[in-house]
Amino acid sequence: MEYLAHVLVMVCLYGILATSFNLLIGFGGIFALAHATFYASGAYAAGILATKLGIGFPFTMLAGMVVTAAIGLLVAFPAMRVGSHYLVVITLALQAITIDVLMNSKPLTGGPDGIPGIPPVSLFGTPLNNPVAFLPLAAVMAALCCAVAWRLGASPFGRSLRAMRENEAAAQAVGKNLVRMKLVVFALSAGLASVAGSLVAHYIAFVNPESFTIEETILILAMVILGGMGNLWGSLAGAAILVLLPEGLKFVHVPGDIADMVRQVIYGVVLIVILRLRPEGLFPETVFRPPTGAVLPTVPANGPVSAVVRAEGAPGEVVVSAKALAKSFGGIKAVKDLTIDLRRGEIVGLIGPNGAGKTTAFNLLSGFLRPTGGSILYHGRDLTKLKPHEVVTAGLARSFQDLKLFTKLSVVENILVSLPRQPGDNLLDVYLRPGLVRRAERENVARALEIASFVGLLAKADEVAANLSYAEEKLLVIARLLATGADVLLLDEPLSGLDTGTVERICGVLRDLARANKAICIIEHNLEVIRGVCDEIVFIDEGRVLTKGPPDTLMRDRELAERYFG
Amino acid sequence: MDLLIQLTLNGLFNGAHFALLAMGFALIFGTTGVVHFAYGPVYAVGAYIVWALVALAGLPFWAAVILGVAATAAFGVASYLFIYRPFEIGGSPPFVVLVASLGLFIVLKNLIGIVFGTDVKTVDSVAYDVHFVGDAFFTTVQVGQVLAALLVGCGIALFLRASRYGKAIRAMADNREMATVIGIDTKRLSILVFALGSAVSAVAGSLVLLRDGLNPNMGFGAVFVAFVAVIVGGVGSLRGAVIAGFLLAFVQSLGMWQIPTEWQNTIVFVVLFGFLLARPSGIVRRA
Amino acid sequence: MSKNSVFAALLLGSVFAAGGAMAADPEVYKIGGIFAMTGASPHYGKVMSGGAQLAVDEINAKGGIDGTKLQLVVEDHKSGSAQAAVAGMNRLIDVEGVKAVLPSFSTVTLATMPIGDQKKILMLNGGGVSAQTVGTSPYMFNIRSMASDLAGGIAHRAADQGAKKLAQIAIKSEFGDATIAATTKAWEGMGLKMVAAEQFQADAANIDTQVAKLRASQPDAIANWPTTPQAGLAVKRLRELGMKQPVYCMEWTAEDSKVAGKHAEGVEVVTDYFAATDENPWSKRFAEAYKAKFGDMPDFYAANYYEGVYVIAELIRRSKAKGGDYYTGERLVQALWENPTFDSVYGKTLTFRKNGVAQKPVAVFRLENGEPKFVKFTSAE
Amino acid sequence: MSAIHTMPIAEPLLEVRGLSAGYGKRAVVHDVDLTVRAGEIRVLLGHNGAGKTTLVRSVFGLIRPSSGSVRYRGEEITKRRCADNVKAGIALVPQGHGIFRSLTVRENLELGAYTADDPAATKTNRDAVMDLFPILRERAGQIAGTMSGGQQQMLAMGMALMHRPDVMILDEPSIGLAPNLVQRVMEAIAEVNRALRMAVLMVEQNVVHALPIAQSVTVLRTGRKIYEGAPEPLGDRQYLMTLF
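Sequences listed follow chains A, B, C and D, in order.
Take 1 as the starting number for the first sequence in UniProt numbering and just add one per residue.
Take 1 as the starting number for the second sequence in UniProt numbering and just add one per residue.
Take 1 as the starting number for the third sequence in UniProt numbering and just add one per residue.
Take 1 as the starting number for the fourth sequence in UniProt numbering and just add one per residue.
It is possible that part of the hints are untrue.
[Unchecked claim] Pairwise CB distance ranges, derived in the manner of DEER restraints: (1) B:I5 / C:R285: 50 to 56 Å; (2) D:I143 / A:V269: 44 to 50 Å; (3) A:T372 / D:A10: 52 to 58 Å; (4) D:I143 / A:L74: 35 to 41 Å; (5) D:G145 / B:F82: 34 to 40 Å; (6) D:P119 / B:G155: 19 to 25 Å; (7) A:E443 / D:E187: 46 to 52 Å; (8) B:F82 / C:R285: 45 to 51 Å; (9) D:D33 / B:G91: 26 to 32 Å; (10) A:G256 / C:G323: 56 to 62 Å; (11) D:I143 / A:P420: 46 to 52 Å; (12) A:L74 / C:W337: 48 to 54 Å.
In short, the hints are calculated from the structure, not lab data.
A virtual CB, placed ideally from N, CA and C, is assigned to each residue, including glycine.
I would like the entire structure built from these sequences, with the hints used as guidance.
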C-alpha cells in the first residue's frame, strides 16, 4: 500500500507543478523553462530551515513560498525584455546556474551530498513519515494549490492573462498593465511550485541537486503540453499519466538488465502516440460561457447607447489637446508638427494618403509611441509620458487597423476583459474578497452582454473570436473599445470592408456615442462615411496637418481632392 | 601564461566541436523550424555506428566515417518523415513538436543502450600523435576537429551559396511561404536538411569517438550546446551559430583561468545571460 | 468538489488495503537492488545487477537456502533520482516483500535509508562512499571501504613514493567532494603541499580545461578522483598533455582501462583488495564465471554486489537456523551482529565494524597491460 | 450587377467557379466566380477583409478551397500544389514581403526561376527582367532586404517574371508605398502586360491608381462578388461610393 500511496503522492506533487507551470505558459504564454528552479528553491528552503534552524512544516513552506516568489520576480525581468526562443535559452541558463549554486554552496546546501535527515511533517504530534500517512496532506495541499490556480485561471485576472497571451498590444490597449501581470503570474506560479518543493523535502526527508535538473523542467513541460495548454484539469491529467505510466510499465515483465531501458522506450513511444492522436493536448482550452442565469440585456440591438456608456461633461468642451506632436524613427520624421483637438460630442475624421502618419498619430496619442516633441493634454493632464494602459485608464482608448482580437477568447470574454476597474483583476480581491469579485463579475457579464447586444453580437456571445466573420470582428472591435469606458475613442479604420448595412449601423453607433458625450476620432478613407458622421476633418500628409475644417467645406476643395487621390 | 595558451587552444578545439554540432542543428532548425531535440541521440547513433563499423566490422576509420555519416543522414531523414512530418501536416504548435521530439529522444537514447550496451565505446586501432607548441599540447584528433569544422563549414557555405538546392534552403529559411510560392518543394528540402544536419553531427560524433569515447547519454549535452549556440548566434544564421559555438567554448575554457573549475557552467551561462539581455536577437541579426 | 472526493476515495482504499501479514516461510527470498538501470550512467546498473544476479544464480544452482530459492528484484533509480529511488524502495518493500535491499549511489542511499530504517529493512550498500551514510541507521551497512579511508591510504602511498606536491582532479559529486576533503586533510596533515583541486560537472562533455589547470600547477603526483569512465578519460588526457607524474586512483574499472587505452600503463589504484589469482580461488572462480556470463572482467562494483548477495544469503541461513519468525530485517541485522565476519570474494574475510562499514584488506595495484597487478597491502586509516 | 460594357473577347486563361474558402471554421470567400482572359489586366477591388487575398491564395493553391473549382487553360487545377501551378505558368506576387530579404537581388531572381530547367533561357529571362527594371541590374549584388520598399516590389515582380508566366497574380502591389512609387509600380505592371502580353490579376485597394491600368474589374465585399465588368463606371466617384 505504501507503494501505491507513494505513487499517488507523486501524482499530487507533479499535479501542483504542472498546474502552476500551466499558469505561466498556458495562460500567460510565457515560455520560461525554469520551473525546476522554483521547485528546488521550495525544497531547499524547507531542507535548510528545518535542519539548520529547526523550523517546522507550515513555516518552512511559507518561507519557501516567499523566497521562491521573489526568485520568480527576478526571472520575470528578463521575460519582459526577450521573448520566445531567447527566453527559453535564458531560463535554461538560469536552470543550469541553479544546479551549480546548489552543488557548490556546500555550507548551506550540502553540495552534491544534498541535505539528508529533513524531519517529517508533524500533524497533531503524529509524524507523517510514510507514504500512507503523507498522502492525505499531499492531496489536501494539491487540492489547495489547484484551487488557488483554478481560482486564478477562472478569474478576470486569468482572462486578462489569456488576453495578454493572445496579443500584448491589444491587452495594453484595453488597459491591462502587462508589467504587473507578468510579475504577479511569475510570483504566483513560482510560489505554488515551491509548495511541491517543500512537500517533497519533508516527504523524502532528503534533497539533492540532481532532483532538480533541466530534465525535471522538461518532464513538467511534457505534462502541461500533454494535458493541454490553458486547461488546468489537463495539467492534472498530464501529471497523472506521466507519473503512472512508468510505474505501470514496471509491471510489464521484461527479462534481463535491459528491462528498464525497454520500458523507457515504450514510454517514449506512448508519449509520441498520444501527441499524434491529440496534438492540442488531451483537454483543449475551455471557452468561457456566461452563466445561463445571467441578467439578460435590457438594451435592444442597436438601441440607445447612452444606457451603456455615457460620459459626463459639457458638449463641445476640449478633452484632448495635442500640440506640435513630432516623432522620428532613426532620422525619418514620421510625424512633424501635428496639432489636433478633440471635443466632447464631436467626431473628428483623420484623412490622408497611405503613409501620411495617421496611424503614427494614433500611436502617439495612445501612448504606444513616445513623441520626440510636443505635448498631449487630457483635461489638462499631460499624457505624453504615460504607458498605453495608463492612457486607457485615464480615459483615452484606441483600436487597431489590424483588429488584434483575442482570437482564442469568446466574444463575451473579449468584451469582458476590456471592462475597466475590475476587482477580479486584483489578485488580493480574487482570493480575499470572493463575494465582491463575484458580484462585480455578475454585473460585468451583464454589461458585456449589453454591449454585445448593442453591437449586434449577442447571438455570437459564446463564439470564439477566431470563428467570426470580418464584419463581426469589426463589430467586436467597437464593442471592446466601448467596454473600456474611455470617453475619448480613437478608431483606426472602423468601417473598411463592411457592407452598407453594417456601415450604417456602426455610423449610427458612432453618432450615438458622440451624443453620449464621447470625443471621437476616426481614421477613414470612405468619404461618404466621413461626410455622414464627422463634424470636422483633419487632413494630414507627410506627417503634418495640411488643413482642417468641416467636411463639406473641405470636400469641395479641388486641390485637396487631387492630392488625396494622387 | 602557459596555462593561458593551453586554455586558448582548448577553447579552439572544443569550439570546433561545438561549431560542428551547432551547424547541423542550425541547418535543421533554421530551415524547418523544428526544435529537433532528438538531434542529440541521432548524433550519438551516428557515432555508435562508426564505432561498430571500426570495432566490430573491422573497417578502416575513414570508411567507417563515410558509411556512418550516410547512415546518420538516413536516420535523421527517418526522424523527420515519421515523427515531425505528420505534426507539420497537422499544423501542430512548435511546443507540441518539441515534446514529441523529447519522446523520440527518450526512445533513441534507450535503444542505443539496448542495442550497443551501456559501457563506454572506444577504438584503439586508430593511432594518433600528440603535438606541442611551446609548452602547450594538442593531439591529432583535435587538429582533426578543427579541420573538420573548417572543411564542413566551408563545404556547407559553398553548397548554400552556389548550388540550386543550397539557395533553395536559404530561401526556405528566409521565408517559407515565399519558397512555396516560387515552386520550391518544402518537403523535399526538409528531407535534405535533416539528412545534411544529421550527417554533420555524425562527423562531430566520429571525432569524439576518438577523443573521449561514447556513452548512450552523450546526446543530451550535445543538443543543449547546439541549441544554445544557434539561439545565441541568431536564428537562421549558420555563421552566427559557428561563432557562438566557438564563443561558448572559449568562455568555458578561458573563464576558468582564475576561477575554480566547479563554476564552469555558471561562468558560461552568466556570460550568456548577460549577452542575450544586451543583444536579444543574437550575434548575427537577420536583415 | 469532485477532486476532493477522488482523493477521499483513494484514501479510503488505502486504509482498507493496509495490513497484509507476511508469511513466515516465503516461496522465494526476494532481494531488492536499486541500481542505475537508465539515465546518465546505466553502466553502473549493468555491472551491479550483473554481479548480484550471478550470486543469486550460483546460490540457487546449489539448491538455494535449504531448498528455498533467492530472487533478485531490480528497481531503476535513473542514475541518481531520489524520487525514483524512493518509489523503487516502496515498491520493493510493499509489492515484492523484500527484507534486504542493495542500494547504490550515495544520494540514492541517503534518500531510501529513512524508509529502510522505518520499515526495518537491511540495507547493504556497495557503491556510494559518502560518509553521510555511516552510523545513521541500525539497518544501514556499507560493504565498501569509505572514500575517507581510501584517501588516507593513497596519501601515504604518494608520500612514500616521494611526492611533495599533490594535485587532485575530481568529479563534482558527493564522491568527489568527500575524497578531496579527506585527501587534503591527510596530505596536509603530513605537512605536504596541495597545489590544485579541480572539479568538473558529472555530465561534462570535455575536461581539457581542468586537465590544463592541473598541468599548470606542476605537481609531483596526481590524485585522480572521477568515477568511471572519466577516471580513464582524465588519465588519457593527462598523459596526452605530456604529464608523466604518478597517477593514483581509488576507482578503476575495465571501462576506465578501455577509455585510457595504452595511457593506463603504470597508474596506481588503491582500493579494496580484489585480485583474481590462484592464491584466492573464490575470487578467481567469480571472475571466470562473470566473464563467461557477461564477456567482461568484473570490476569491484560487480564484486561488491556479488558479495553483498552472499552476505545476505548467509544472514538468512543463520537466522533461519535459530528458528522463529526468522525472515525479518531485524533478525537479519541481529544475525549480522552475532558474527560480523563473512567470507569475502576479495580474499579471506570481511568484518563489519561498529559503524556498519565492512573492513576489507586495502591494497595498492599497478595497471599493467590494462590489468591491475597487486603491489602491496596498505593501511586504510 | 453584371457587366454591361462589352470588351474584346479573348480566350479565358484562368476560370474560377463557385469558389468558397476560409481559415478553420471561418469562411472568408463565398461562392465567387472569376475569369482572367489571356493578355488582360483584371483588377480585384475591395476593402480590407473583403476576401481578396484569400481568393487569390486559394486560386494559386496556398489555401485549400472548401468548395468550387479553378481551371487553368481548361484544365482542372483546384487542389494542385503550388510548384505545379508555377510550372504551368501561373505566378503569384504575395502581399508585403514577396522576396527573400536575406538574399541578394541576383539570387532572388534566380530563385524566381527555380522550377525552370533551361539555364540558358533563365539567363535570357533575367536579362529581360533587368531590362524591364534597370534598378535590379544596378543592385544585383545587394541584399534584397536593404532596398527601399518600391525596389523590393519591383524585385518581387521580377521574380515572378523569371519563369515567363502566362498569368501573374499580384496581391496589393501598392501596399506600404509612397504615392509617387505606386504610380511607378502601376506603370511597370502595365508595361509588363503590354510588352510580354501577359495576363495580370491584381488585387488592389487603391482604386485611384489601379483603375487607369485595369481592363476589367471585379469588386468583392465581405467575401462576395458585387461587381464585375469594365473599369469605366467605377471612375465615377459617386458610383464607387455606393459600392463600397
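To see whether the hints hold, each was checked on the structure:
1. Range check, I5 of chain B to R285 of chain C: about 53 Å between beta-carbon atoms, so the 50 to 56 Å window is met.
2. The hinted window of 44 to 50 Å between I143 of chain D and V269 of chain A holds, with their beta carbons roughly 45 Å apart.
3. At about 55 Å, the CB distance of T372 of chain A to A10 of chain D agrees with the hint of 52 to 58 Å.
4. In this structure the hint that I143 of chain D and L74 of chain A lie 35 to 41 Å apart at CB holds, the actual value being about 39 Å.
5. Between G145 of chain D and F82 of chain B the beta carbons are some 36 Å apart, a value that agrees with the proposed interval 34 to 40 Å.
6. Between P119 of chain D and G155 of chain B the beta carbons are some 23 Å apart, a value that agrees with the proposed interval 19 to 25 Å.
7. At roughly 60 Å, the beta-carbon separation of E443 of chain A and E187 of chain D lies outside the given 46 to 52 Å, and the hint is violated.
8. One distance hint, 45 to 51 Å for the beta-carbon pair F82 of chain B and R285 of chain C, holds here, with the actual separation near 49 Å.
9. Between D33 of chain D and G91 of chain B the CB atoms are about 30 Å apart, so this pair conforms to the stated range of 26 to 32 Å.
10. About 37 Å separates the C-beta atoms of G256 of chain A and G323 of chain C, a value inconsistent with the hinted range of 56 to 62 Å.
11. Taking 46 to 52 Å as the suggested C-beta distance range, the pair I143 of chain D and P420 of chain A conforms, at roughly 47 Å.
12. For the hinted restraint 48 to 54 Å between L74 of chain A and W337 of chain C, the CB-CB distance of approximately 53 Å keeps it satisfied.
The structure is inconsistent with the numbered hints 7 and 10, although it conforms to all the rest.
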